[in-house]
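Peer 1: As a plain string of letters, each chain reads:
2 protein chains.
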Amino acid sequence: MVQSVDRALTIISLVSQNKDGMGVTELASHLELNKSSIFRLLATLVSHGYIEQDSETKKYKLGYKPLELSSILLESIDLRLEAKPFLKELETLTNEVIHLVVYDEGEVIYIEKLEGNETLRTHSKVGRRAPLHCTSVGKVILAHLPQAEVVSILDRKGMPKHTENTITDKESFMVELDKIRNQGYGIEFEENEPGITCIAAPIFDNRGVIVAAVSISGPSIRMSEERLTELRNYITSIGGKISSRLGWRAISRQHR
Amino acid sequence: MVQSVDRALTIISLVSQNKDGMGVTELASHLELNKSSIFRLLATLVSHGYIEQDSETKKYKLGYKPLELSSILLESIDLRLEAKPFLKELETLTNEVIHLVVYDEGEVIYIEKLEGNETLRTHSKVGRRAPLHCTSVGKVILAHLPQAEVVSILDRKGMPKHTENTITDKESFMVELDKIRNQGYGIEFEENEPGITCIAAPIFDNRGVIVAAVSISGPSIRMSEERLTELRNYITSIGGKISSRLGWRAISRQHR
DNA sequence: CATTCCGTTGCTTAATATAAAACATTGTTT
DNA sequence: AAACAATGTTTTATATTAAGCAACGGAATG
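In order, the protein sequence lines correspond to chains A and B.
Using full-length UniProt numbering, you'd call the opening residue of the first sequence number 1 and step up by one each time.
Using full-length UniProt numbering, you'd call the opening residue of the second sequence number 1 and step up by one each time.
Some clues are possibly wrong.
[Claimed, not checked] With a straight-line cut-off of 25 Å between C-alpha atoms, the simulated DSS-like cross-links for lysine-lysine are:
hint	chain 1	residue 1	chain 2	residue 2
1	A	Lys88	A	Lys58
2	B	Lys241	A	Lys84
3	B	Lys241	B	Lys58
4	B	Lys161	A	Lys113
5	B	Lys35	B	Lys58
6	B	Lys35	B	Lys113
7	B	Lys35	A	Lys113
8	A	Lys113	A	Lys19
9	B	Lys157	A	Lys125
10	B	Lys241	A	Lys113
11	A	Lys84	B	Lys35
12	A	Lys59	A	Lys88
[Claimed, not checked] Residues from chain A shown here face chain B by an in silico Cβ test under 7 Å; the list is partial:
hint	residue
13	Ser4
14	Leu67
15	Lys125
16	Ile210
17	Leu228
Don't read these hints as lab results, they were simulated from the structure.
Even glycine gets a Cβ: it sits at the ideal position worked out from N, Cα and C.
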């Protein structure tokens, strides 16, 4: 571990948490380092575009480099490219909010979001992370991970309550994961955000390993039994199609 | 300038240019550094999420941290937030591709893009940079910068030819900028990409300084004289509305 | 099976990052 | 308007870390 690199990257994180930016002295105080040290680290980050200094307030804010890298990153994700037309299809079919997420370090990250008819406002956004235990995509991913890894994640991350419906009992949760694995899709009834219900399907890679999930989100008042049956058919079909594009063979499911 | 931070950030840039990732030895060769130095720098970048190691190939690729930071950055740009409804309006009115760009270090960066009716495929993408001299948004921005700064930028960046229509003669270009400044909008006739015509308007902040530009792009075959007149009216109107939202007062234009 | 290459680790020291002190500038208080 | 305080920036000395050498384990190649 290179300490000065660690410090510089910590500065970026701190600065990103302050929309109005942060000053040298403030950063020095937070990190318990000398102002001149902070100044030098900032200068290096500025020269690479990660940070820029507001000419009026002198405060340091995020620069555009992360935006450039993120554009490159999203374009390099084959899954996202292959999935795009299917997500469009799903949006057209359902007129709801569509998400594509990948699994990373015990959480999901949104890498694509289609707004549907835009009557629904959710907290999700490309680039944001979300917990596994109370999102439909998260539950679907956990359902297909090895048991030991699931236990490890739940131990590390806990199961914090987001709404009245959040499942916080571990044993109930494991039963829920079994059910999801068996039926091939998962539903989240207002477990993450009040008033919103989501249904998700897993996406497997060519080796049959779960790598992502796709979901449909809508206001709970629109999610009748009939509607959910309809969405279930769409989401499992699209999940299968995307997986196939990645080289996954459904025949492995038949052998189960 | 902190050398080890400079090296670490250079590693991120190098890695981002290789979709399939890069190995320790390959990076060491590029940077003419020792493998163990590279290894330690990579380990620090991995721990912060900027880089991750592909478990199969052992190669190092971009991690998700830039995506997270970019999401935070875009949300923190007041201009983008204020402009969003106007861009939607413009998309609805014209059914063409709409761009919002900011000026940064002698280039423009796309911070918003609406696809219109999706019959047009352009190279632009949120997060990407583009040159000033051959884009409608770039020319509009240059038209409202101080002359000395324009000259400095042209000296540094040059005026590379992108198409048969790219203006590469400096004097002709300055005349073009004068025209754009006087008429309050700029047009780019296939100067950046063949077959595509764009029309842009400036966006000023509360101090009357140019900070951004908004544009409409379409296939040249659709851009009749009549159509361009129509789009000109839309784009100058929207440009003015967005500027007003940022506290710019049109009265300063009347005094010119 | 032997050789080569790559990623990773332990250890030493040369080079750099760090902090103290000082300075310049800006903002605040009297 | 003057004095004071705070912040950002620069210079300099040295303590600490980053860097590189050598070696190792594992994978790939001939």
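Peer 1: Can you give the numbers of the hints that this structure goes against, from lowest to highest?
Peer 2: 1, 2, 3, 4, 6, 7, 9, 10, 11, 12, 16 and 17
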